[in-house]
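Undergrad: Sequence:
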Amino acid sequence: MYPTIIEFGWLKIHSYGLCIAIAFLLSLYLTQRDARKRGIDPEIIQSEAIFALLAGIIGARVFHIIMFPYEYSITNPIGWIAIWQGGLVFQGALPFAFGYVFWAMRRRKVSFLLISDCAVPYLALGQGIGRIGCFFNGCCYGKPSNLPFAISFPEGCPVYQSYPGNNGWSLPVHPTQLYAVVGLVFLCVVLIYLRDEWNPFTGFTIPSYFFLHGLLRFINEFFRGDHNPTVLGFGVLSDQQMFCILEILLGIFLFWLLRTYHKIQQTSAEIQQSSKKKKK
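When we follow the working numbering, the leftmost residue of the sequence shown carries the number 361, and every step to the right adds one.
Each hint should be verified, as a subset may be incorrect.
Said to hold, decoys possible - Simulated crosslink set (DSS-like; lysine-lysine; CA at most 30 Å straight-line): (1) K503 / K397; (2) K372 / K469; (3) K397 / K623.
To be verified - Computed beta-carbon distance windows for the label pairs: (4) L507 / L474: 38 to 46 Å; (5) L606 / F462: 16 to 24 Å; (6) L371 / Q626: 25 to 33 Å; (7) F509 / W370: 49 to 57 Å; (8) I404 / F428: 22 to 30 Å.
These aren't lab readings, by the way, just hints derived from the structure by calculation. Note that CB positions come from ideal geometry on N, CA and C, so glycine has one too.
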């Protein structure tokens, strides 16, 4: 639709890159605000956030290259790093970004789980803003649809190459990017509610995010027009949906793991307290 928002001579501001920047800055501000409320120095988050973002972008790009190698060519080396044109797979960003944050917080002797409770809800919000960039870029599009809110994209957008229509416009397709925006903003609200109103243990937002995000993405994939069923998905599901199933299972496993960890910690603390009372 509008892959380039501003073009003035050599200066080009791409909609996808702009949305990523807005998502990062807003998520950073909200995470720092919540960290301050929980007694964490917000400067720690600010100093590590840019490195976590870079780690996530590298992971997302590497994963996209692995998933879609036919979109890259040795004769076009710039295309391998042109992330402002899209081409980031979020499942690749997660392990790189989470891995870096885990290492950084251990080095700084700050609770990774507590930091995660501050940041994870706004990770979902940032994803939602990023999906607006996908909409403007015309990528991550849906299947053809006759629904009244289906959208046609102009010639030159990726969707036009798959579903060309008449008069320089694509066939009307599901606005799957906007479906994702709504779902991710809703996920952000749910995670904040669970964290502030229920929160059975520190770090609860991590398994909740993986489970709910995987579920939302799995459903959204049924409407996507750029991902088709594959051998990995037994001819029924796309590769992305198979990764979503793994993400859901990871959420369940992490819930069990963290709950068990906190129970052990609680039992150990109770034993130590009981031992101190006996000595007195």
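Undergrad: Decide, hint by hint, whether the structure agrees.
TA: Hint check:
1. For the suggested pair K503 and K397, the alpha carbons sit about 44 Å apart, so the restraint of at most 30 Å is broken.
2. Between K372 and K469 the CA atoms are separated by roughly 41 Å; this puts the pair beyond 30 Å, and the hint is violated.
3. With a CA separation close to 25 Å, the supplied pair K397 and K623 stays within the 30 Å bound.
4. Remark: the range hint 38 to 46 Å for L507 to L474 is upheld by a beta-carbon distance near 43 Å.
5. At roughly 19 Å, the beta-carbon separation of L606 and F462 lies within the given 16 to 24 Å, and the hint holds.
6. In this structure the hint that L371 and Q626 lie 25 to 33 Å apart at CB is violated, the actual value being about 57 Å.
7. Range check, F509 to W370: Cβ separation about 38 Å, and the 49 to 57 Å hint is violated.
8. In this structure the supplied range 22 to 30 Å is violated for I404 paired with F428, their Cβ-Cβ distance being about 36 Å.
Checked against the numbered hints above, the structure violates hints 1, 2, 6, 7, 8; every other hint is satisfied.
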